[in-house]
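Produce the entire structure from the sequences given, and follow the hints as far as they go.
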Amino acid sequence: MTTRRDLLSTALTATGAALVSTSVPAEGHSHDHEHQAVPSDPALRVKALETLMVAKGLVDPTALDAIIEHYEHKVGPHIGARIVAHAWVDPEFKRRLLADGNAAIAELGYGGTNLVVVENSPSVHNLIVCTLCSCYPWDVLGLPPLWYKSAAYRSRSVIDPHGVLREFGLSLADEVEVRVWDSTADLRYLVLPERPAGTDGMSEVDLAALVTRDAMVGIATLSSPRERVHA
Amino acid sequence: MNGIHDMGGMQDMGPVRREPNELVFHAPWERRMFALFNGLDLPWPVMRQQIDLIPPADYLRISYYERWLSAIIPLMTNAGMLSPNEIETGKVIGGRNDKWHVVTAAEVATWNLPESNPESFPDSGAAFRVGQQVRARNLNPAGHTRLPRYVRGKAGTIHRDHGVASFDDAVASGLGKKPQHVYAVRFAARDLWGEKAAPRDGVYLGLWEEYLEAI
Numbered sequence: 006m007t008t009r010r011d012l013l014s015t016a017l018t019a020t021g022a023a024l025v026s027t028s029v030p031a032e033g034h035s036h037d038h039e040h041q042a043v044p045s046d047p048a049l050r051v052k053a054l055e056t057l058m059v060a061k062g063l064v065d066p067t068a069l070d071a072i073i074e075h076y077e078h079k080v081g082p083h084i085g086a087r088i089v090a091h092a093w094v095d096p097e098f099k100r101r102l103l104a105d106g107n108a109a110i111a112e113l114g115y116g117g118t119n120l121v122v123v124e125n126s127p128s129v130h131n132l133i134v135c136t137l138c139s140c141y142p143w144d145v146l147g148l149p150p151l152w153y154k155s156a157a158y159r160s161r162s163v164i165d166p167h168g169v170l171r172e173f174g175l176s177l178a179d180e181v182e183v184r185v186w187d188s189t190a191d192l193r194y195l196v197l198p199e200r201p202a203g204t205d206g207m208s209e210v211d212l213a214a215l216v217t218r219d220a221m222v223g224i225a226t227l228s229s230p231r232e233r234v235h236a
Numbered sequence: 007m008n009g010i011h012d013m014g015g016m017q018d019m020g021p022v023r024r025e026p027n028e029l030v031f032h033a034p035w036e037r038r039m040f041a042l043f044n045g046l047d048l049p050w051p052v053m054r055q056q057i058d059l060i061p062p063a064d065y066l067r068i069s070y071y072e073r074w075l076s077a078i079i080p081l082m083t084n085a086g087m088l089s090p091n092e093i094e095t096g097k098v099i100g101g102r103n104d105k106w107h108v109v110t111a112a113e114v115a116t117w118n119l120p121e122s123n124p125e126s127f128p129d130s131g132a133a134f135r136v137g138q139q140v141r142a143r144n145l146n147p148a149g150h151t152r153l154p155r156y157v158r159g160k161a162g163t164i165h166r167d168h169g170v171a172s173f174d175d176a177v178a179s180g181l182g183k184k185p186q187h188v189y190a191v192r193f194a195a196r197d198l199w200g201e202k203a204a205p206r207d208g209v210y211l212g213l214w215e216e217y218l219e220a221i
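Protein sequence lines correspond, in order, to chains D and R. So for the first sequence, our numbering puts the first residue at 6; every next one is plus one. So for the second sequence, our numbering puts the first residue at 7; every next one is plus one.
It is worth saying that the hints were derived from the structure and are not from the lab. All clues stand as given, with none of them false.
DSSO-like, lysine-lysine: derived pairs with alpha carbons at most 30 angstroms apart:
| id | chain 1 | residue 1 | chain 2 | residue 2 |
| --- | --- | --- | --- | --- |
| 1 | R | LYS183 | D | LYS154 |
| 2 | R | LYS97 | D | LYS61 |
| 3 | R | LYS184 | D | LYS154 |
| 4 | D | LYS154 | R | LYS160 |
| 5 | R | LYS202 | D | LYS154 |
| 6 | D | LYS61 | D | LYS79 |
| 7 | R | LYS105 | D | LYS61 |
| 8 | D | LYS154 | D | LYS79 |
| 9 | R | LYS160 | R | LYS184 |
| 10 | R | LYS184 | R | LYS105 |
| 11 | R | LYS105 | D | LYS52 |
| 12 | R | LYS183 | D | LYS61 |
| 13 | D | LYS79 | D | LYS99 |
| 14 | D | LYS52 | R | LYS97 |
| 15 | R | LYS105 | R | LYS183 |
| 16 | R | LYS160 | R | LYS202 |
| 17 | D | LYS52 | D | LYS79 |
| 18 | D | LYS52 | D | LYS154 |
Take a look at the structure:
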């Protein structure tokens, strides 16, 4: 039985960039979820592909480094948190943000995506998913965690949101309406969490520090600073 | 295409697992893979279509960025960026086609700024209005689509009109942008999943106009 790995090794002997079909079954290679230890084969293939693309002038290696830096370090949940905190302290901004996400975040100097902000309240809880792939508001939250891209989250969030939320430790009251947003089109959703109790008079910067990535995806709510200390 | 990627509503994928320390990338090569596709400045629907085409058993077995690697090779050969021969040998054979825009580091720095907002299109009128009842059409195209199976044939309500955007299905098929209205459509959870769903819950999808029909 030729395994996929064997094929990879053969193909890699020349250059590593071999076009390898993904349709070769890997017998006895079992995985119960998406995250798996990946050996060096993909590393060699990607390296060879990059070498070829650079040699052909299709990509600029300094741009590749900049892309990694941009998405791994520059953008992240701190941007979403700043937007949320600003909406909490400025009701007019919040109104504009909910009506037209792009226009509102442009006031803070951000953009790059079709942003749709959905607001939580005592009676409504919003949850974001992409059932078809992994769409996520990169520009305001950075790149998604592995669970967001997992088959379990993608498949179950739409049919069993309460069950999924309970697995994340969030049990909602029965009367709370759950709205699940499936990112099928080129719209990127951000949850505007409820402002925690006990935060009156806090500065916008301190408020932003309370806002978590999980709350902006909708798998968590925010606790008050007092509860946090004792958590 | 009715592929494994369209998994909304499946129930046998197990519990959602969190990593103890969430890493953005899990190996150095994943960083390079991520950057290679984003550095090509190709439309996302074209990439997604190639990922949709990964055979189901492989799709579920391989890791997220292995899917990217599987998809980018046919994507580049289809686009005429690299020939299969070049990929097999690892050597540059054909000349470079100058029609490709090469992304620069300076451009990357603008990607989360307002100047990089998606293209806007003229609006020649919306077919549906907010509050209107619609039905997601029962479409089963062989090519790329962003209309998931779990809403096809189901009735919903126009929740919001998001204006005009390019149509992913057309872009993936090389048929141009075919701009049209995109709506947030609300489907009652009970209409999708039956009486066990919570009575007030809803699932909202961004759907292009031609996915919908009036009822």
